[in-house]
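Chemist: Residues per chain, in single letters:
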Amino acid sequence: GQQVMQIPQYQHVQEGEDFTTYCNSSTTLSNIQWYKQRPGGHPVFLIQLVKSGEVKKQKRLTFQFGEAKKNSSLHITATQTTDVGTYFCARIQGAQKLVFGQGTRLTINP
Amino acid sequence: EPEVTQTPSHQVTQMGQEVILRCVPISNHLYFYWYRQILGQKVEFLVSFYNNEISEKSEIFDDQFSVERPDGSNFTLKIRSTKLEDSAMYFCASSTDRVNTEAFFGQGTRLTVV
Chain L
57 GQQVMQIPQY QHVQEGEDFT TYCNSSTTLS NIQWYKQRPG GHPVFLIQLV
107 KSGEVKKQKR LTFQFGEAKK NSSLHITATQ TTDVGTYFCA RIQGAQKLVF
157 GQGTRLTINP
Chain S
960 EPEVTQTPSH QVTQMGQEVI LRCVPISNHL YFYWYRQILG QKVEFLVSFY
1010 NNEISEKSEI FDDQFSVERP DGSNFTLKIR STKLEDSAMY FCASSTDRVN
1060 TEAFFGQGTR LTVV
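Keeping their order, the protein sequence lines are chains L and S.
With the working numbering applied, the first sequence corresponds to residues 57 to 166, in that order.
With the working numbering applied, the second sequence corresponds to residues 960 to 1073, in that order.
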């Protein structure tokens, strides 16, 4: 299958610092979704990006879709302890399946 | 807020035994999925289900696995003869239409095969 590569695998920051995770594909993506999974929890949908160069914001979270639609990023400004968790990007493959990246686990020092 | 519910939350079974994991998707959703996540790893697609039949399945979803929608509300995953490597968190998910919109995930069932 066509995988999505996500980096970094782990990120530890001080509370208040920014955080960014990157998602890359070797092939063009029709769209990309982002999910957050709290420790011990389940994936929760954050956003879907569809258009080339698209930028969407949700409070302190900024999502970008690359111009070539081969990469995406999630940036969190001024992290808070509630941001702790693993952030996954996911591509849609075929008609009905999500292919998840390996995820970036974010831990925060309060 | 509507949610996907899964039971049980934790299942321990002996190797070779059959297990059935149960899910109640969100009521007006039409597409149903099972994913699994081995501890500390990424979420992996197993199968999608629409209109009372499997619409797509992964290479993981071999003959030991089956899914069923026995009535209008439940969606089940059966593993006929569990193996140690089946130990994982199994997530049920549903969506209103094809996966171009968000998938709503249940809380998961942690399956431990001993």
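Derived by calculation from the structure, the hints in this document are not laboratory data.
Note that beta-carbon positions come from the ideal geometry of N, C-alpha and C, so glycine has one too.
Warning: the hint list may mix true and false statements.
[Said to hold, decoys possible] Reference listing, derived: stretches of chain S covered by chain L, where coverage requires no fewer than 3 residues with Cβ under 8 Å from a Cβ of chain L:
id: 1; region: 987 to 1001
id: 2; region: 1007 to 1017
id: 3; region: 1060 to 1068
Chemist: With a cut-off of 8 Å between beta carbons, are at least three residues of the region 1007 to 1017 of chain S near chain L?
Modeler: holds (count 5)
Chemist: Tell me whether the statement that chain L covers the region 987 to 1001 of chain S is true, taking a Cβ distance below 8 Å and needing three residues at minimum.
Modeler: holds (count 5)
Chemist: Mind taking a look at whether chain L covers the region 1060 to 1068 of chain S? Criterion is 3 or more residues with CB to CB distance under 8 Å.
Modeler: holds (count 8)
In this structure, none of the earlier numbered hints is contradicted; all agree with it.
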